[in-house]
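There are 2 protein chains.
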Amino acid sequence: MKSYQVVALAGGVGAARFLDGLTRVIAPERVYIIGNTADDAEIHGLHISPDLDTVTYTLAGIANPEHGWGIRGDSFRCLEALRRLGADTWFQLGDKDLATHLYRTQRLHQGATLAEVTAEITRALKVRSTIVPMSNERVRARICTASGELEFQTYFVKRHARDRVVAMRFEGASEAEPAPGILNAIAKAEAIILCPSNPFISIGPILSIPGIRGALRRRRDHVAAISPIVGGRALKGPAAKMMKSLKLTPSAFEVARLYQDFVGVFVLDEVDRKHAVKVQSLGMRAVVTNTIMSGLGERKALAKAVIREL
Amino acid sequence: MKSYQVVALAGGVGAARFLDGLTRVIAPERVYIIGNTADDAEIHGLHISPDLDTVTYTLAGIANPEHGWGIRGDSFRCLEALRRLGADTWFQLGDKDLATHLYRTQRLHQGATLAEVTAEITRALKVRSTIVPMSNERVRARICTASGELEFQTYFVKRHARDRVVAMRFEGASEAEPAPGILNAIAKAEAIILCPSNPFISIGPILSIPGIRGALRRRRDHVAAISPIVGGRALKGPAAKMMKSLKLTPSAFEVARLYQDFVGVFVLDEVDRKHAVKVQSLGMRAVVTNTIMSGLGERKALAKAVIREL
Numbered sequence: 000m001k002s003y004q005v006v007a008l009a010g011g012v013g014a015a016r017f018l019d020g021l022t023r024v025i026a027p028e029r030v031y032i033i034g035n036t037a038d039d040a041e042i043h044g045l046h047i048s049p050d051l052d053t054v055t056y057t058l059a060g061i062a063n064p065e066h067g068w069g070i071r072g073d074s075f076r077c078l079e080a081l082r083r084l085g086a087d088t089w090f091q092l093g094d095k096d097l098a099t100h101l102y103r104t105q106r107l108h109q110g111a112t113l114a115e116v117t118a119e120i121t122r123a124l125k126v127r128s129t130i131v132p133m134s135n136e137r138v139r140a141r142i143c144t145a146s147g148e149l150e151f152q153t154y155f156v157k158r159h160a161r162d163r164v165v166a167m168r169f170e171g172a173s174e175a176e177p178a179p180g181i182l183n184a185i186a187k188a189e190a191i192i193l194c195p196s197n198p199f200i201s202i203g204p205i206l207s208i209p210g211i212r213g214a215l216r217r218r219r220d221h222v223a224a225i226s227p228i229v230g231g232r233a234l235k236g237p238a239a240k241m242m243k244s245l246k247l248t249p250s251a252f253e254v255a256r257l258y259q260d261f262v263g264v265f266v267l268d269e270v271d272r273k274h275a276v277k278v279q280s281l282g283m284r285a286v287v288t289n290t291i292m293s294g295l296g297e298r299k300a301l302a303k304a305v306i307r308e309l
Numbered sequence: 000m001k002s003y004q005v006v007a008l009a010g011g012v013g014a015a016r017f018l019d020g021l022t023r024v025i026a027p028e029r030v031y032i033i034g035n036t037a038d039d040a041e042i043h044g045l046h047i048s049p050d051l052d053t054v055t056y057t058l059a060g061i062a063n064p065e066h067g068w069g070i071r072g073d074s075f076r077c078l079e080a081l082r083r084l085g086a087d088t089w090f091q092l093g094d095k096d097l098a099t100h101l102y103r104t105q106r107l108h109q110g111a112t113l114a115e116v117t118a119e120i121t122r123a124l125k126v127r128s129t130i131v132p133m134s135n136e137r138v139r140a141r142i143c144t145a146s147g148e149l150e151f152q153t154y155f156v157k158r159h160a161r162d163r164v165v166a167m168r169f170e171g172a173s174e175a176e177p178a179p180g181i182l183n184a185i186a187k188a189e190a191i192i193l194c195p196s197n198p199f200i201s202i203g204p205i206l207s208i209p210g211i212r213g214a215l216r217r218r219r220d221h222v223a224a225i226s227p228i229v230g231g232r233a234l235k236g237p238a239a240k241m242m243k244s245l246k247l248t249p250s251a252f253e254v255a256r257l258y259q260d261f262v263g264v265f266v267l268d269e270v271d272r273k274h275a276v277k278v279q280s281l282g283m284r285a286v287v288t289n290t291i292m293s294g295l296g297e298r299k300a301l302a303k304a305v306i307r308e309l
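Protein sequence lines correspond, in order, to chains E and G.
Just so you know, the first sequence maps onto residues 0 to 309 in numbering that gives the first Met the number 0.
Just so you know, the second sequence maps onto residues 0 to 309 in numbering that gives the first Met the number 0.
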């Protein structure tokens, strides 16, 4: 079985940006990406895998650079026509982007696994890295908020992540299996990297698939995590807000604590240098570097800095 | 129950053009259109109803005037992206058009009937006439050709209607029921009109639904058919070619013969005036007028000429 230089655990936009740098620093064929699928949703009857698509589009070089998600220069004519028909159109679906969802949905109906479809899509879009869903089984994040339990995309997109999060659960996770190849890739990789993604709703679901956290623990010295919290704020998305409502201090150190059983190297931003000693007290090596990926230069520099440590 | 002035049996583009004229000559609310659904297809996992959509888009004033089908000014970005993913893209699906198919497919999955969905779509697009599918049940035209049996859209679109047709069958028709309201509308209408559509693959499937042909027979004096064959050629589509391969002379008279048990008034084009006497020998009234609908004026004139006779 093929072995990879780097296995990455990935959420959406933040992960995609880091992986864009990583695959320019090492051979993209040597990168194996495990994508979160707990924020997958059925919208207009289509199976949407937002995180897989964001990573795929980014590595295919067709991502919308402004949003990070969606396809560059896409139009929204179908969505406008759906709105005219009275459909709910709070979830943005571009015309080109729709093709991915149509293709995926039909292939799944035909009996293909999500991993197989993902491989077909990435191959067609000439992505040279391997992208696999965390599981072929259906796992769905349910967000428990003050206003009740919400489907992830309802919480995240429709309600703009405004609700106070009190807990989350990953429906289907305990019966799910890692997609074929994941455990082997983790066992054999030279390095494993947790991208700077939300620990609760991006990395958390991947860790909730039985077997994955244990596999990472066995490789702890070779596992690095990049903090998605910089200076007490999330680089992207609701991670900091979630930490607060979950009664955690939003800080890089608290993220490190969540990962302490399986992460050996924790990467903090320069502004969080003061946390380095505390992180080391968790038995991790702390690496301080610039983690804010404003441009391609920063993405590559961060990837190099992390790779160097593993 | 509501009664209608005119009930029309309709295929695709030819029917839509005639109905465009008809609904400008009488109140559109008084027109009840029974649409062929035997050429419906599942494409990219979507339920496509080409004839219902062609009539709907035309009456909504949004049809592509050049092709007759599809939406004016539509783009094909999703289709191009599907092609990039390796999907079969011989069936043209515009970005705006896709919304109709997505909406329909999802509503059907949710348990709505095709008639209900069609009513929702036409209402949203502000179509004032009633458009109903011939049946809520699945009926599919299978075209038996020298190269074997083909699905209708494969024969018609993918293979450009080039195969020699030796027979056709309408899978599911014998177990299907007319959509609710159809038999009552036929029983009570002042006039019933067969649009100038293909007798084999557009009108034929509607007649194949148990109960419809009998209901028309009981109204024979009030049923008019407009010949889709003019001067031995089809106005649109493969009707004339099909007649030949089915060992029939492609002529207006031969179409009249197919309908003689339930049509009382047969409308022929000026160029087929010579057939009028033979048509009358079938016990039909022959009406000779211009049936070529080059523009809106002709569409309206034809509608007026037919209405006047019923």
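These are calculated hints, taken from the structure and not from any lab test.
Hints are supplied without guarantee of correctness; some may be wrong.
Which copy? The list can't say, so a pair holds if one copy fits it or any two copies do.
Here are the computed lysine to aspartate or glutamate pairs in the EDC-like style, where the Cα-Cα straight-line distance is at most 20 Å [said to hold, decoys possible]:
1. K240 to E150
2. K125 to E28
3. K277 to D162
4. K277 to E28
5. K157 to E119
6. K1 to D73
For the identical chains here, do K157 and E119 meet the 20 Å Cα criterion within one copy, between copies, both, or neither? neither (30 Å within a copy, 24 Å between copies)
Copy assignment of K1 with D73, given that the CA separation must stay at most 20 Å: neither (36 Å within a copy, 46 Å between copies)
If the cutoff is 20 Å on CA atoms, where do K277 and D162 land: within, between, both or neither? Let me know, please. neither (31 Å within a copy, 77 Å between copies)
Evaluate K277 and E28 at a C-alpha cut-off of 20 Å and name the case that applies: within, between, both or neither. Intra 36 Å, inter 76 Å, cutoff 20 Å: neither.
At most 20 Å between alpha carbons: which applies to K125 and E28, within, between, both or neither? within (11 Å within a copy, 53 Å between copies)
Intra/inter-copy verdict for K240 and E150 if alpha-carbon distance must be at most 20 Å: within (18 Å within a copy, 55 Å between copies)
Of the hints listed earlier, those the structure fails to meet are numbers 3, 4, 5 and 6, in rising order.
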